[in-house]
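Q: Take a look at the letters that make up each chain.
Number of protein chains: 2
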Amino acid sequence: MPSTNLIKESYTDVLIIGAGPSGYMCALWLARCGIPTRIIDKRSNKTFTGQADGLQTRSLEIFKSFSEEHFDWQTMDSAWRVANQMEEMVFWSPDENGTITRKARAPDTLPGISRYTESVINQGNVEKWFDESISHFSDGKIKVERPYLPVSIKIDENAKDDAHSYAVEVLVKKVNEDLANPEQYGQIANGLYRAFDGDQDKFYNSSIEESEKKDFELIHAKYVLGADGAHSWVRKQLEIGMEGEHTDFVWGVLDISPITDFPDIRSKNAIHSKESGSMMIIPREFDLVRFYIQLKEVERDAGTTDVPREFMGNCDDPNAKKKGRIDRSKITPESIMKQAQAIIAPYKLEMTNLSWYTAYQIGQRVSPKFERNLRVFISGDACHTHSPKAGQGMNVSMQDTYNLGFKLALVCKGLAKQDILQTYEDERIKVARDLIAFDHKLSRLFSNKPMIPNAKVIEGETDIADMDEFHSVWVQGLKFASGTISDYDDSILVNKKGLKHTEKEEKEEKEEGEEKGVFSPLASKIPIGRRLFSDWSIGQIDHKPWHFADRLSSDGRFRVILFAGDVKQYPENMKRLHEFNGPLLSSESFANKYTPKNAFANSVIEVLVVHAAKRNDVEFYEFPEFARREDFKNRVDYWSILAGVGKLHQSGHQFDLYETYGISKKEGAILVVRPDSHVAQVSEFSETGLKQVDDYFGRFMIDQRDVSVPEKDKNALDFDRFIKPRLAV
Amino acid sequence: MPSTNLIKESYTDVLIIGAGPSGYMCALWLARCGIPTRIIDKRSNKTFTGQADGLQTRSLEIFKSFSEEHFDWQTMDSAWRVANQMEEMVFWSPDENGTITRKARAPDTLPGISRYTESVINQGNVEKWFDESISHFSDGKIKVERPYLPVSIKIDENAKDDAHSYAVEVLVKKVNEDLANPEQYGQIANGLYRAFDGDQDKFYNSSIEESEKKDFELIHAKYVLGADGAHSWVRKQLEIGMEGEHTDFVWGVLDISPITDFPDIRSKNAIHSKESGSMMIIPREFDLVRFYIQLKEVERDAGTTDVPREFMGNCDDPNAKKKGRIDRSKITPESIMKQAQAIIAPYKLEMTNLSWYTAYQIGQRVSPKFERNLRVFISGDACHTHSPKAGQGMNVSMQDTYNLGFKLALVCKGLAKQDILQTYEDERIKVARDLIAFDHKLSRLFSNKPMIPNAKVIEGETDIADMDEFHSVWVQGLKFASGTISDYDDSILVNKKGLKHTEKEEKEEKEEGEEKGVFSPLASKIPIGRRLFSDWSIGQIDHKPWHFADRLSSDGRFRVILFAGDVKQYPENMKRLHEFNGPLLSSESFANKYTPKNAFANSVIEVLVVHAAKRNDVEFYEFPEFARREDFKNRVDYWSILAGVGKLHQSGHQFDLYETYGISKKEGAILVVRPDSHVAQVSEFSETGLKQVDDYFGRFMIDQRDVSVPEKDKNALDFDRFIKPRLAV
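Chains as they are written, first to last, in UniProt numbering: chain A, 1 to 729; chain B, 1 to 729.
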């Protein structure tokens, strides 16, 4: 590190390096929770066209959770309204004569898995919504700073025990805007470009010229996130490698308005041609269509000079075997188009409105470590790379930091112990590995030649894909690809203790190749460790329909949900609720102990009651006081008591959340749900169950009974922010 | 008029006077259609709090129609997402002991009437969304200019025949900002205030001082709208009076966060107390609640000096009988609150966060004329005033100009004859009169004393309301109040010729007191003249679910919808569609004749095909060319062929638009739908039927075969705007 008095110095809780979807999602969480945060990016421009485009259902659920239901901030949810909602997947492969023909249609998203369907829109729009939302939640304080290049990083190894020390120093340089602009292919943004890829040495060699001092800044951060892409500078500084392999399959990508007579041009298509390779079609916003096109004839060279690294299959391992690199200058939109025409024949295909193109070589690689010292973390492409065709990249990358962000916020606010940060790597490395395995299987089936019906298989030919197998792997993969079944193991934040799979389940798991959820008999349809599935409920006082997930918005709070059962049919259940009143209002309870003494009730851990009685048989004020807390003006929280069983007035739809969750209307249950809506624990609806909730929070939360929220330090502990959506000021 | 060389002069197609919801809706239409428009308002501030707050289902449908489905402009639809969606109406009245008790609950919106439910939000938000949308659609060209006061108006009586002459001169004065600010009650906006009410004479007396010249502007407009409220200056200039009556009932209004133990505080409530009067409760956004409170004790005086006119019951008729005016200074939030407490007792009620209050005297009055010379129009409160409790004011006012706006746009674009403007008064005066009658009945039942169960009715006491009658009038009124059954009579724009009610229907109509729709046997569930009810359909090429109304967005286009029936089961139907191809592509056809020669196909009249075959049994390219027109780059319109029968992948919902509309899958039908989505005509799915469509448009459309869209004059004829939602540029 240079002498600190030579350069600008500053302090922040979290520094995020890289403003792609992964970095943005982390910034969004931190902005939502009021944590001082900086986010820098080496590019001078935002993404406008191209890049990732698929939004899986879990990502749309997450976006919705940052859109405040019934209040004036729904920008993240714009994705769902604006993106092209994908309805159908169509499979085309050669018939007996070798001509491509429609083999099957399937819903693009597995019905029933989510409220949403996979949707597609360019990454530029997604980043725009992130920008606006981060600015909204941080009152304009957090915005992406660009172009900033990190040039050195140092972790104070001794600081480990003090979660609030500024243990990481990052030296950054503001670079010339012109240097950081992507090249253009004619008028077209060229997806082959990567700014400053590995060029940091040009900008900093451990000494700074006097004339350059003004461009440098030394940022002291408590925590750092490297969300800086497949060629992550942060990962290299941490000396973390990438494990896996790459293939010889090369694919080109085009975003165009096609002129074609192909009849399914507005559906998603997987096309295997007999001899010309495979193609994927993804209809986008307006009449834009993305084509992924397998390139059969690509010129390669053996040169080692200025060929960009992305043509080595996202492979930074110098020992990876090389067949020779692709000659970049030979890949043009026209050459990709030519291949596309060969694949889709006899249908015609021409392009207008080319808006983006790129090319890539398929590889599947994952980092063995996602963090260092619980101080510096990596996420997204920085720790896993794979082929783009399952539409996973942007999604898994955002879901990485949707996992990390709330944990950083809890630690930075001083609410939780640093230990919880360990769960980030544990939880996400498993998802990354599953993704790599899935993509490995799928991308080979996609890139291999199709088996022709009734044709003889030539002995020894191994790169033949059975189209039925391809179809079934694809459909099986939909559940995984949706992102809704990411399953987090037993840990400090997830309690699966004592719950195991039956032998039958384990057998099925092996046979079906899909991980089964772990369930408590008290809530037999809620897989613990996975995100809580949503279904309808209604407000007790107002009959307002809530998709239950919307009651669990991403505002940083844990939820304790008391499923009190049918409090009318079983009066003892209502009695028990009232018996909870004393404990839950006492300062010893989790409901109060972890909330700073001058913060609003429910602002750290929100307690909800969901009953199963007929809503009109019971009155709001029959419920105990803990379920309808008052604020300093005696304004009541009307929205914490819900009926889980009933009928919606308008649609006539009957719902039963107890049935959906497998909870008995007599026995009830208590759920603990994490701020990311993953189920943390299921316990009995009893004093014992309540005690288990206390125990759960006791493992990692920090007693706040002597802590006050600094009234003016809104950035540090903005508890108001938590309560704002509930009560007007 | 002053000598024109003394002041600033300007020209516009339409001048709108008054930027309340009615004026805004007109401006939105004109902005959407690219018509040069100015909109001025005498207040210097926008509305922030208070005023109207109810949005009925038809208004929400209209808002949605200005939100471009699947594209990045959904601001008008924010209302639905942000407003408090009202679920329940609760009726409270005295029990045998005279204590208020819950008598009944009902869904607040009649189930099945619309996709929406009544929702409430303050008028300020609605105006903000209008502002943003008008700016969006006009590329920032149209915005409310304030504070501007109109001081004289003159219509050129000789200009009648030339629809495009600037036949109206309006002299306006920019006034001092300070003079145009509402008074405050302490920190609270005071709803009793009206700016410059009838004070125009202070600002202009047919001569202008030299020093003031700069403040005046003479605006020449083709058409003028007076949407300037209950005390409309425009209406007075046109010498149009108001007919009707006013009552002695005085009501106060409070917007507060209540502190109460009343159990239904988050539902809509109508409360009749035994002796203290009536109250209406409307829960709003956040924990805000609006109270309408009948004021029993109001001090009155007989003075004639400076008492504001609004306390004469919105009555400008100097001959109206007066009981004496209310002493304004005696009405305060505290005095209104005191009455509220008496009504709601034994429940407690206190207020925090008072954000608005006002008071009004009930009257029902309507203008006999809504226009002069088809040049100057009045709308909204300027032509009908009534009590606010049925939540009609903002809605009917917006619906007035939703009716007028597209007609002005068609005339200003030169697409339609001026004659169509006559339908504005014909169509809307009927709605206004129905509204006045409804409100007359309801508001008396609301303000009268409740009948006590089992109590003796005192002979001769006439102001007693039967609570059962009140309840049933309310529920009966929901359909009318929703705004979805406004029924426009036979006219140049609506063809009901030859269709009559049966005797049975006429009898029922009289008995039920509700106007019955007029139906063609070809579409036995579509009332001609009313807005087309929406149900699901899916895109032929992409399986994309469309609520059919969203395919009919408010972009200024007429729609001709060919319900071709089951084109697979009845191949002759597909054959007929193909036979239509020649006629529909010919320049003689309505489909081309009324579209300027260099404008996109479908940009004036859009032709849609909705078939009833199984979608997967038929291919997109089997349909004739007219249904999949190409643009100048040969890009195909993929969205004009839909399947009206099918199943949604995600919800599993089965839909049948043919069943919903009562159309035979063998016979089919042809619908003409106006730009406001009111059904104009139903005819056979045959050459004869097609000829009837030609005849319909021949009545009022102007041949455009020699007309070119001026390429640079985007304001005058922005046809691109029409097509933009369909195809990216």
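Quick caveat, the hints were computed from the structure, so don't treat them as lab data.
Do not rely on the hints blindly, as some may be mistaken.
Calculated pairs, DMTMM-like style, for lysine to aspartate or glutamate (alpha carbon to alpha carbon, straight line, at most 25 Å) [unchecked claim]:
1. B:Lys-430 - B:Glu-687
2. B:Lys-348 - A:Asp-139
3. A:Lys-338 - B:Glu-239
4. B:Lys-633 - A:Glu-285
5. A:Lys-348 - B:Glu-239
6. A:Lys-128 - B:Asp-139
7. A:Lys-348 - B:Asp-631
8. A:Lys-348 - B:Glu-622
9. B:Lys-348 - A:Glu-622
10. A:Lys-103 - B:Glu-622
11. B:Lys-614 - A:Asp-261
12. B:Lys-568 - A:Glu-619
13. B:Lys-348 - A:Glu-625
14. B:Lys-647 - A:Asp-617
15. B:Lys-128 - B:Asp-162
16. B:Lys-103 - A:Asp-261
17. B:Lys-128 - A:Glu-619
18. B:Lys-128 - A:Glu-506
19. B:Lys-103 - A:Glu-511
20. A:Lys-575 - B:Asp-637
21. B:Lys-143 - A:Glu-625
22. A:Lys-647 - B:Glu-619
23. A:Lys-103 - B:Glu-619
24. B:Lys-103 - A:Glu-132
Quick caveat: nothing in here was measured; it's all calculated off a predicted structure.
Q: Look at each hint and say if it fits the structure.
A: Do the hints match the structure? See the list:
| no. | hint | verdict |
| --- | --- | --- |
| 1 | B:Lys-430 - B:Glu-687 | 35 Å, violated |
| 2 | B:Lys-348 - A:Asp-139 | 38 Å, violated |
| 3 | A:Lys-338 - B:Glu-239 | 73 Å, violated |
| 4 | B:Lys-633 - A:Glu-285 | 18 Å, holds |
| 5 | A:Lys-348 - B:Glu-239 | 67 Å, violated |
| 6 | A:Lys-128 - B:Asp-139 | 20 Å, holds |
| 7 | A:Lys-348 - B:Asp-631 | 18 Å, holds |
| 8 | A:Lys-348 - B:Glu-622 | 17 Å, holds |
| 9 | B:Lys-348 - A:Glu-622 | 17 Å, holds |
| 10 | A:Lys-103 - B:Glu-622 | 19 Å, holds |
| 11 | B:Lys-614 - A:Asp-261 | 21 Å, holds |
| 12 | B:Lys-568 - A:Glu-619 | 56 Å, violated |
| 13 | B:Lys-348 - A:Glu-625 | 17 Å, holds |
| 14 | B:Lys-647 - A:Asp-617 | 36 Å, violated |
| 15 | B:Lys-128 - B:Asp-162 | 36 Å, violated |
| 16 | B:Lys-103 - A:Asp-261 | 64 Å, violated |
| 17 | B:Lys-128 - A:Glu-619 | 37 Å, violated |
| 18 | B:Lys-128 - A:Glu-506 | 57 Å, violated |
| 19 | B:Lys-103 - A:Glu-511 | 60 Å, violated |
| 20 | A:Lys-575 - B:Asp-637 | 63 Å, violated |
| 21 | B:Lys-143 - A:Glu-625 | 50 Å, violated |
| 22 | A:Lys-647 - B:Glu-619 | 39 Å, violated |
| 23 | A:Lys-103 - B:Glu-619 | 15 Å, holds |
| 24 | B:Lys-103 - A:Glu-132 | 47 Å, violated |
Hints 1, 2, 3, 5, 12, 14, 15, 16, 17, 18, 19, 20, 21, 22 and 24, counting from the list given before, are not met by this structure.
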